[in-house]
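With chain A's structure known, arrange chains B, C, D, E and F on it following the hints.
Read off the chains here:
There are 6 protein chains.
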Amino acid sequence: MPTRVIEEWLREDIPFGDLTTNALGIADKPSVAEVIVRESGIICGLEEASRMYGTLGASCELFVKDGDKVSPGALALKAKGPAKALHAAWRAAQVVIEYASGVATKTWRLVSKAKSVNPKVVIATTRKAPPGVRSLYFKAVLSGGGIIHRASLSETILIFHNHVSLIGGFEEALKKALEAKRRWPEKKLAFEVGSIEEALKAAETGIDEVQLDHIGVGELKRLVPKLRELNPQIIIAVAGGIDEHNIEEYASTGVDVIVTSAPYHAKPLNITTKIYAIT
Amino acid sequence: MPTRVIEEWLREDIPFGDLTTNALGIADKPSVAEVIVRESGIICGLEEASRMYGTLGASCELFVKDGDKVSPGALALKAKGPAKALHAAWRAAQVVIEYASGVATKTWRLVSKAKSVNPKVVIATTRKAPPGVRSLYFKAVLSGGGIIHRASLSETILIFHNHVSLIGGFEEALKKALEAKRRWPEKKLAFEVGSIEEALKAAETGIDEVQLDHIGVGELKRLVPKLRELNPQIIIAVAGGIDEHNIEEYASTGVDVIVTSAPYHAKPLNITTKIYAIT
Amino acid sequence: MPTRVIEEWLREDIPFGDLTTNALGIADKPSVAEVIVRESGIICGLEEASRMYGTLGASCELFVKDGDKVSPGALALKAKGPAKALHAAWRAAQVVIEYASGVATKTWRLVSKAKSVNPKVVIATTRKAPPGVRSLYFKAVLSGGGIIHRASLSETILIFHNHVSLIGGFEEALKKALEAKRRWPEKKLAFEVGSIEEALKAAETGIDEVQLDHIGVGELKRLVPKLRELNPQIIIAVAGGIDEHNIEEYASTGVDVIVTSAPYHAKPLNITTKIYAIT
Amino acid sequence: MPTRVIEEWLREDIPFGDLTTNALGIADKPSVAEVIVRESGIICGLEEASRMYGTLGASCELFVKDGDKVSPGALALKAKGPAKALHAAWRAAQVVIEYASGVATKTWRLVSKAKSVNPKVVIATTRKAPPGVRSLYFKAVLSGGGIIHRASLSETILIFHNHVSLIGGFEEALKKALEAKRRWPEKKLAFEVGSIEEALKAAETGIDEVQLDHIGVGELKRLVPKLRELNPQIIIAVAGGIDEHNIEEYASTGVDVIVTSAPYHAKPLNITTKIYAIT
Amino acid sequence: MPTRVIEEWLREDIPFGDLTTNALGIADKPSVAEVIVRESGIICGLEEASRMYGTLGASCELFVKDGDKVSPGALALKAKGPAKALHAAWRAAQVVIEYASGVATKTWRLVSKAKSVNPKVVIATTRKAPPGVRSLYFKAVLSGGGIIHRASLSETILIFHNHVSLIGGFEEALKKALEAKRRWPEKKLAFEVGSIEEALKAAETGIDEVQLDHIGVGELKRLVPKLRELNPQIIIAVAGGIDEHNIEEYASTGVDVIVTSAPYHAKPLNITTKIYAIT
Amino acid sequence: MPTRVIEEWLREDIPFGDLTTNALGIADKPSVAEVIVRESGIICGLEEASRMYGTLGASCELFVKDGDKVSPGALALKAKGPAKALHAAWRAAQVVIEYASGVATKTWRLVSKAKSVNPKVVIATTRKAPPGVRSLYFKAVLSGGGIIHRASLSETILIFHNHVSLIGGFEEALKKALEAKRRWPEKKLAFEVGSIEEALKAAETGIDEVQLDHIGVGELKRLVPKLRELNPQIIIAVAGGIDEHNIEEYASTGVDVIVTSAPYHAKPLNITTKIYAIT
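Chains as they are written, first to last, in the working numbering: chain A, 1 to 279; chain B, 1001 to 1279; chain C, 2001 to 2279; chain D, 3001 to 3279; chain E, 4001 to 4279; chain F, 5001 to 5279.
One or more hints might be untrue.
Rough simulated footprint, nothing fancy, chain F against chain D, three-plus residues with beta-carbon under 8 Å [claimed, not checked]:
| no. | stretch |
| --- | --- |
| 1 | 3035-3046 |
| 2 | 3127-3134 |
| 3 | 3140-3150 |
| 4 | 3184-3196 |
In silico PhoX-like cross-links for lysine-lysine, where the CA-CA straight-line distance does not exceed 25 Å [claimed, not checked]:
| no. | chain 1 | residue 1 | chain 2 | residue 2 |
| --- | --- | --- | --- | --- |
| 5 | C | 2221 | C | 2115 |
| 6 | D | 3113 | D | 3267 |
| 7 | C | 2113 | C | 2065 |
| 8 | F | 5176 | E | 4084 |
| 9 | E | 4029 | E | 4069 |
| 10 | F | 5201 | F | 5115 |
| 11 | A | 201 | A | 181 |
| 12 | B | 1115 | C | 2181 |
| 13 | D | 3201 | D | 3069 |
| 14 | A | 115 | E | 4176 |
| 15 | D | 3115 | F | 5221 |
| 16 | F | 5115 | F | 5267 |
| 17 | F | 5029 | E | 4181 |
| 18 | E | 4274 | F | 5201 |
| 19 | D | 3069 | C | 2080 |
| 20 | F | 5176 | C | 2029 |
| 21 | C | 2181 | D | 3084 |
| 22 | D | 3080 | D | 3029 |
Hint data in this document are derived by calculation from the structure and do not stem from the laboratory.
A virtual CB, placed ideally from N, CA and C, is assigned to each residue, including glycine.
Okay, chain A solo, but in the shape it has when bound (with noise of 0.2 Å):
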């Protein structure tokens, strides 16, 4: 995370310094915070709220790691120095770990989920994170177990419906996508299909991966072995409206990798932090 990023993360909360701390006269108290996990999950984003901390003058001791898997009461980290550069951190620092930490526990717990059915899928997160913050959310999926579907447009040719209204018509969409990948032999071609229809006929060309979008499961269950014989070498992706809820019996259609971008709107894990005088 670059340092400006860190910065202006702060300066969003403090544009023109701490009134109450300064107001109070506690400004140059030499303090300790404490961040405190409050639920259980995987924790995530402490690497850079202790940056945040330390680009004010604090030092930090981390108690866990991004990634680690905490419960109730763990002591997470630990900052000294100044009142005034504790209170300036403290909240914006927490909010970072909250959400970072609730898009890992959720990839987590879908991921758990998804494999206790299926243990050779993979949890895939789409490009759909909120502005800014997809270099966080990307990581925090990666604590929690999951993998990135695609990170940017200038990643992988990936044809969207919206390519092939362009190009009009499916047949030859693929047909220049089939070129497009003879001018870029090592990017991945990966085709977004609009039906069985056309899944098959994708398949039998040499397209790297198929992805499905709002497929049911009972055709997608249908489906995938027909995708296998056609070309044994393809990866069966799917995507569309799967969370919780129903990704146990998406993991069971033998798919490669489900897609989705549940993790993104998770709960934020409850944090807390208590700041107390050095005696």
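Same frame as chain A, but now just chains B, C, D, E and F:
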């Protein structure tokens, strides 16, 4: 929103160009992108989304404006330009609208519920938006009819338990808070209390606002009239675990302000974008 | 102060290296820089100056701290490092201290004068600092014993004539202001009035603060008790052309707050820097 | 001025929206803002102010241009747009004009006084502008008829006492300076001298410019002809405590360049902004 | 290219205004700048150059577009505006075009040579562009008919010797690589091998691409068919010292991808800019 | 180099984490990275490379310093830290060293050749570095023994044909240039001439430097003594197509300054990085 932020939101999604659109050879095709709502709610983020398209050279037309109530099927934004501009902006712009509208819609639901019971109560959101999007999410809260409890640490004097612990006790902290107010007479002085006793003691003094944290509805109902009696001018705020399931109860207690972070973790509003060629 | 700003202040003065120190061949000579005060006042900006030296690889020791009263000859800061680091930082760092200390010293003189007449009055500075240095100058005002009237447009509801003109008259504006306060009960509501009549009318309502602009001392003396009688809670602020020559008179009127921009155009405090070789 | 700076100047004043204009419900009212001069002087900063209004979506018309002489009552700039844009830009834009015009006007007064005595003398300002506004203040100096002594450390070879002390004596420093000039023949070589003797010695060598610091007018009058005799090409600059009260005397000594920081602490020019509704 | 970058490219060349144009008194003269090609090649960077002129208030017309083949004498861009805008942008804009076109032209020559021998081979450039211009140079490579081997470390799994050394041997690294691929099925897995033996072993497994470093043409010719036999799907890339003098030989070996950094150090294309007054 | 730039150079190469090192499960392995020279030359960029490693949490030791002459096999830098830090910095840091050292080495070769013929001549590079790396490349030029002709447009008065064309002729431009010098006596005045006649006319006036563009060696040899005769103080610079093959000839003409962009397109110096585990 500074240009720097608008462009950073795009760059996250497209660090080195849009591989797919380039590789398919459709980059210069004159095209249209339509942003269409698929779920009822309050729309927000259109202004920012337009600037994202505009930055890439597409021209935009808005059919609704930020804060409008929208229904499924509504066309919100239409952008025109070469396919490369539309494909580069599409998903990143849609994500901004989805999250901002999710926040606005959730706020609006909370406000509606609370006001149905107590028309004078206001719903104020906290400083706990995800890091980096505070400005966007604050705007969305306003679009949904809420207000901002406290935009930053620089704004008001608000004594938390983490201040009290550094001062050495509630009585002493209250004394220091009132001194602080004498030095900063133009700033609001608020006090977050941990018990009924503290609430009553604080109300007797010249503080402007008492903030009650994690207090039950029953207790709150008994406390509010006592506080008003002790100090008719006092503003009474309550926070802690308030969401759609209990906001009506809290509103019915007669408090002035309900403080919540719930809108910040709302599900994004369901939006889609259709791109097609100009023929 | 974000790292970005600290580094930009240096870059302004040294876009492509320090030609002189390089060309003289003394760049790597181990050296000391001493920042010495040449005029009595309140020192400020040392924290920022230290970071400027530190960024370039010099180590810093402070002998006084921001907000201290200093006399001619006082050693404020000592930096050690290669000549190239000290020569690159010297002037730019000194300028930061000179301006910040000038602002702090002027504030302190205004505060001293005002308090000598009316110990309860506070001196608040405006939003009119030079562009880009608001954060530094606000800190300097606090160092000199002043407060900030209003840090930004996002902080309080403050009705100016430029709002009244859009609403269509004082009465209507007052009405709208009170409605605004009902929607934003936690924010202070202040009103800048243009006449005695407006002041009296505003005081009768529930506004928190009345701000009097360019009003004579005699008139003000008569007005203050009337306002207090109408509304004992009201905060009375006065602004407009108040500086060292007349602040005692204004303080003597019994207002609560004197608002001024004068510290922002104070002469920089006279500071010098001596660089010598470590032998 | 980079967009980043223009937007940062706005953001300082409006980190989270304009609370007042929003809360009053007048944000979308079509309005006009007029920037009006209230004091004679040289106007500057209009270009930057226009960009600030423009960034927020208002259209601007200028009635004078940067560097023009203006009189009280002159309309300088007219902006049209929704009230939210005008109220967001108004004060921050006005502050830019006030400070830049203050610098320009002060420069112009210094130049006028100096030229009235010695039409060939030039007034050059130092590197000591407030941190972060060097670029704006340099432009203002040019608008007022001054020049820039030395824009940054990267520009010329200028030996200060702080270099001499590292080299170990004036003679040795002069020798090293002349060597430096042989390596960098295209750069001006200037030397700040501490005494008459040093001035005369320096003039005898091939340096381009001698800079005299804190030297009295009488002494200077005797020194200038001697320096010219020793080196007819040499540029003679004088600095140190020169302001309106003594610039004529210094100009009369026949020096080529008078170096001063005085314009940087000039009082801002008195400007006002009137906002009204388009009817 | 973000606005921030466009403006930084200008600011490098003009930190404090254009001294010459100002000092000559021609700043406001209405003028034209013509960017003219003096050497055959592929033009690139015009889009960025236009934005540089536009940022300063000049209007631009393009006569060719990025990726076009150009001949000596061709007019590429015409800008109109005051002399100060044209003189401020001229050289910095021309430099962008020169370097980008140099990269595009060199790529195109490499592609032409390679395809003349083996029409199916593709030319991919590395991550080794000069720091900070990766995005511009990647675009130039595409303009010249090349592709990007791997835009960043976030894109694919590519095992270098520096990974193998941390894992403890080739066999173990290959095993770990295949495990990595099972966890990240959607990412390409490439392996840079150090010998023929490693190449053959790697090809037998499920890796997607084998990358051969600094291998002779003769050896490569013998190796390619063996690799294809072992794994018909495998992509074969070769890198290491490949430039115009030997690319045909390497192309003739039947590899799929030739990886090179050569375009990044190409000589800039010879371009000139003529500025004249509008009469 | 600002932190922002150091971090941007890293971010270019690692927008969303290092996929390979993560996926292989070796991210936390304690490791060493050694940067080793493979080609003789002048090393540069080590300071920046160290900061890149340091930013990611690795500790660095340097074995040579910027500007040192290095031979194949030399160990330049050793970094220690977890594999994720070393792998994230490695390539991006190496590229900085390679390019900066390439520029330094080429400069040094040009300087050596020129000085072997004419020890007094200096080699100055132009403003034509690739966009965004001017500061790094200038430093590399100094490391190689060159100087900078003119760092930016803000530095000196240098009249190009593109100024002459706006003024309306050489004689008139020369007159205006001399007037400009009277207004800016501290700035160097240089004139780029297009013919022998112009060179001679310019030399007769008070200009400081005449710059000859694309003039043959024979003609130059005849011209130099004439110019010196007309104006013994004048600095004579020559530019246009000067590189290693002809720099000795140009040096032999007796000019003061040879201006060239050749170092900016030098081949990067051959450097490698070896990463291994700490055992």
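Check each numbered hint from earlier against the structure, then list the numbers of those it violates in ascending order.
Result: hints 1, 2, 9, 10, 13, 15, 19 and 20 break, sorted rising.
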